[in-house]
Structure formats: structure tokens, C-alpha cells
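Asks: Sequence:
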Amino acid sequence: MPEKILSITEEEFMRMKSVIMDQDKDDAFRLIKEFVKRLEIQQHKGMKSHLDH
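With our numbering as the guide, the letters of the sequence shown map in order to residues 1008 to 1060.
Possibly wrong hints are sitting among the right ones.
Said to hold, decoys possible - Dumping the calculated DSSO-like pairs for lysine-lysine here, alpha-carbon to alpha-carbon at most 27 Å:
| no. | residue 1 | residue 2 |
| --- | --- | --- |
| 1 | 1040 | 1011 |
| 2 | 1040 | 1052 |
| 3 | 1044 | 1032 |
| 4 | 1011 | 1052 |
| 5 | 1024 | 1040 |
| 6 | 1044 | 1024 |
Stated by the list, open to error - Pair ranges (Cβ atoms, derived):
| no. | residue 1 | residue 2 | range |
| --- | --- | --- | --- |
| 7 | 1051 | 1029 | 27 to 35 Å |
| 8 | 1014 | 1035 | 14 to 22 Å |
| 9 | 1018 | 1046 | 17 to 25 Å |
| 10 | 1011 | 1035 | 13 to 21 Å |
| 11 | 1024 | 1051 | 27 to 35 Å |
These are calculated hints, taken from the structure and not from any lab test. These figures come from a predicted structure and were not determined experimentally. Glycine included, C-beta positions come from ideal geometry on N, C-alpha and C.
The task is simple: from the sequences and hints, build the whole structure.
Replies: Structure (C-alpha cells):
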């Protein structure tokens, strides 16, 4: 599987740090879900359909 690169905003980075400090598992899970969704969207943008001409 090829590498995936995720760019994050300064706000997302601060949120990540806050999750670590607060040990907020629910917010950590939501943040990971957002990142995974973004990576999946990026992956699908790079894929070509057999219907594309």
C-alpha cells in the first residue's frame, strides 16, 4: 500500500495536543475518524474509474 500524507491545520494540531493532555478518548476517536475520512477522500480522488474517458 502506498504511503499516505495527511496535512493538518494548526487548529487540528492544537486539538491533538489538547486530546493528549486531557486524555479525552471520545474527542481522540472523533479526530481520528475525521483524518481517516479525509485520507479516504484523497485516495478516491486519485483513482480513475473505468467509466472516465
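Asks: Against the structure, test the hints numbered earlier, and report the numbers of the ones violated in rising order.
Replies: Every hint satisfied by this model.
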